[in-house]
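Let the sequences and hints guide you as you build the complete structure.
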Amino acid sequence: MATMLTEHSVAEAARTAGLTAPARYVEVTGSTNTDLLQAARGGAPAWTVLVAGRQTEGRGRLGRTWTSPAGSSLHVSVLLRPDLPGRQAPLLSLAAAVAMAEACETAHVDVRCKWPNDLRCRDRKLGGVLSEASVQGGRLGHVVVGTGVNLTQTTEDFPPELRGSAISVAMAGGDPDGSSLLTTYLSRLKDWAAAPSGPELLTVFRSRCETLGRTVRAATPYGDVEGVAVDITDAGELVVTNANGTYLVGYGEIVHIT
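For the sequence shown, the numbering used here begins at 551 and goes up steadily by one.
Derived by calculation from the structure, the hints in this document are not laboratory data. Computed from a predicted structure; not experimentally measured. Note that CB positions come from ideal geometry on N, CA and C, so glycine has one too. Hints may contain errors.
To be verified - Listed next, with one range per pair, are the computed distances between beta-carbon atoms:
| # | residue 1 | residue 2 | range |
| --- | --- | --- | --- |
| 1 | 712 | 688 | 38 to 46 Å |
| 2 | 709 | 756 | 26 to 34 Å |
| 3 | 595 | 757 | 28 to 36 Å |
| 4 | 588 | 621 | 41 to 49 Å |
So, in structure tokens, the structure goes:
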């Protein structure tokens with residue numbers, strides 16, 4: 551059964567997950583990531599949580615916008631202050647993707663991950679992760695991990711151009727209970743973010759990653775790279791091989807060719 555998120559349910563989800571930093575809910579905002587980045591610069595503590603019922607300027611990767619009808623999606627951003635090298639920032643996106651995939655499974659939805667940040671179900675996009683970090687002296691200062699998941703939408707709720715490629719928890723036959731999903735997500739993210747550079751996270755992400763083994767095209771700032779995605783490095787980079795060599799892709803648009 552779908553349950554609308556409230557200030558009380560968000561605070562309770564954070565408390566149940568063992569978090570003690572502030573956890574807020576707002577009916578509408580431009581972007582939870584933008585708001586939490588501003589809070590981070592103002593000294594907000596690690597594990598501050600912000601959830602919105604609706605975003606008007608939500609951002610995806612590569613500057614794409616993310617919009618949805620009020621109350622139909624889970625929009626949550628979490629502030630982390632990890633003691634990690636800057637190059638390992640992508641691991642926190644992988645941690646969030648695994649945590650949300652595990653949360654969705656408690657709602658009876660099977661989720662796969664498309665490197666680096668898409669949550670997929672039945673070959674359609676269920677949600678995604680956007681992490682934004684500050685690096686100081688080669689070390690991570692703060693990281694805001696934003697995650698969005700479609701909960702209650704029907705096919706008609708999506709724009710016409712997305713109706714063949716998007717899905718919601720409800721459409722997948724799952725239980726779109728935002729409060730329960732948030733509680734499990736925060737709990738699992740807390741566990742995974744505690745040791746993102748350990749081998750277990752990458753082992754689990756690899757097992758869920760539908761990108762590995764496929765022929766892909768990676769649009770990077772240095773040009774397109776096409777080849778087979780064969781592995782993920784200990785820094786979260788995608789390893790792509792072709793006849794010309796091996797390439798490490800840290801970020802960029804990935805298209806599955808096969």
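Verification of the supplied hints:
For residue 712 and residue 688, the hinted distance range of 38 to 46 Å is satisfied, since their beta carbons lie about 39 Å from each other. The hint said 26 to 34 Å for the Cβ distance between residue 709 and residue 756, and at roughly 33 Å that hint holds. Judged by the Cβ atoms, the range 28 to 36 Å given for residue 595 and residue 757 holds: they are separated by roughly 33 Å. The hint said 41 to 49 Å for the Cβ distance between residue 588 and residue 621, and at roughly 24 Å that hint is violated.
In this structure, the one hint that does not hold is number 4.
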